[in-house]
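**Q** For reference, the chains in residue letters:
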Amino acid sequence: DVKVTQSSRYLVKRTGEKVFLECVQDMDHENMFWYRQDPGLGLRLIYFSYDVKMKEKGDIPEGYSVSREKKERFSLILESASTNQTSMYLCASSGSGNTIYFGEGSWLTVV
Amino acid sequence: QKEVEQDPGPLSVPEGAIVSLNCTYSNSAFQYFMWYRQYSRKGPELLMYTYSSGNKEDGRFTAQVDKSSKYISLFIRDSQPSDSATYLCAMKVARGYQKVTFGTGTKLQVIP
Numbered sequence: 035d036v037k038v039t040q041s042s043r044y045l046v047k048r049t050g051e052k053v054f055l056e057c058v059q060d061m062d063h064e065n066m067f068w069y070r071q072d073p074g075l076g077l078r079l080i081y082f083s084y085d086v087k088m089k090e091k092g093d094i095p096e097g098y099s100v101s102r103e104k105k106e107r108f109s110l111i112l113e114s115a116s117t118n119q120t121s122m123y124l125c126a127s128s129g130s131g132n133t134i135y136f137g138e139g140s141w142l143t144v145v
Numbered sequence: 009q010k011e012v013e014q015d016p017g018p019l020s021v022p023e024g025a026i027v028s029l030n031c032t033y034s035n036s037a038f039q040y041f042m043w044y045r046q047y048s049r050k051g052p053e054l055l056m057y058t059y060s061s062g063n064k065e066d067g068r069f070t071a072q073v074d075k076s077s078k079y080i081s082l083f084i085r086d087s088q089p090s091d092s093a094t095y096l097c098a099m100k101v102a103r104g105y106q107k108v109t110f111g112t113g114t115k116l117q118v119i120p
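Top to bottom, those sequences are chains A and B.
Each residue of the first sequence is one higher than the one before, starting from 35 at the first, in the numbering used here.
Each residue of the second sequence is one higher than the one before, starting from 9 at the first, in the numbering used here.
To be clear, the hints were calculated from the coordinates, so they are not data collected in a lab.
The beta carbon of each residue, even a glycine, is placed where N, CA and C say it ideally should be.
Among the hints, erroneous ones may be present.
[Said to hold, decoys possible] Restricting the straight-line Cα-Cα distance to at most 20 Å, the calculated cross-link-like pairs of lysine to aspartate or glutamate (EDC-like) are:
#1 A/Lys-87 / A/Glu-106
#2 B/Lys-50 / A/Glu-96
#3 B/Lys-107 / A/Glu-51
#4 B/Lys-50 / A/Asp-85
#5 B/Lys-107 / A/Asp-85
#6 B/Lys-115 / A/Glu-106
[Unchecked claim] Away from chain B, derived, C-beta distances all over 12 Å, residues of chain A:
#7 Val-46
#8 Asp-93
#9 Glu-103
#10 Ser-109
#11 Leu-112
#12 Leu-124
#13 Glu-138
#14 Gly-139
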């Protein structure tokens, strides 16, 4: 079974803090993604990566950065967290086919 | 206008009913169509995918694509309480293309 693991399920951070969300996949997938999911807005792509050290902006990259130093690991960084970044964050991975595999999600609250 | 429109529901049906979930889209370049199921506080999981127009069946689930109308459907036969979840449609333009456009999801509740 494909497994995408997000290390933190629930986080509470203060405004202005730097936040790291970590994701690891065990299927040797080339592609990894970070989405955020908000009620009424659905899934929105923040960044994706198609190879180690490669990244592409998604639809809403502002306020976020990413890092992919190893093939299995993709990190999302909020340089200075703000309250409008309170959301559920989903990491995902895919190979050459059509299936995107999602992690369980990280619920971030910024106060 | 959003590229993909999906009624958010909620949709409540009695156990055993046939459920129809739908999405419309505006981008005629979409060729791959997917349905994901998402349980509360979990990540989405792929249910089915179809290529181009036509039907695909998998157990109690049938996915239907009508490209001429830019309309896709997911039918669930003999619905069960365990089908209660949010269903997301998703689509993309090509097999190797990684950008997937998701609908906002329809919340389904199956009442025992």
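**Q** Next, verify each hint and record whether it holds.
**A** A quick look at each hint next to the structure:
1. A/Lys-87 / A/Glu-106: 12 Å, holds
2. B/Lys-50 / A/Glu-96: 25 Å, violated
3. B/Lys-107 / A/Glu-51: 30 Å, violated
4. B/Lys-50 / A/Asp-85: 26 Å, violated
5. B/Lys-107 / A/Asp-85: Answer holds: B/Lys-107 to A/Asp-85 is near 15 Å, not above 20 Å.
6. B/Lys-115 / A/Glu-106: 32 Å, violated
7. Val-46: 16 Å, holds
8. Asp-93: 9 Å, violated
9. Glu-103: 20 Å, holds
10. Ser-109: With a cut-off of 12 Å, A/Ser-109 remains clear of chain B, as the shortest Cβ separation is near 17 Å.
11. Leu-112: Non-interface label on A/Leu-112 holds, nearest chain B Cβ at 20 Å vs cutoff 12 Å.
12. Leu-124: 6 Å, violated
13. Glu-138: Violated, since 5 Å does not exceed 12 Å.
14. Gly-139: For A/Gly-139, whose nearest Cβ neighbour in chain B is about 5 Å away, the distance does not exceed 12 Å, so it is violated.
In summary, the numbered hints that this structure violates are 2, 3, 4, 6, 8, 12, 13, 14.
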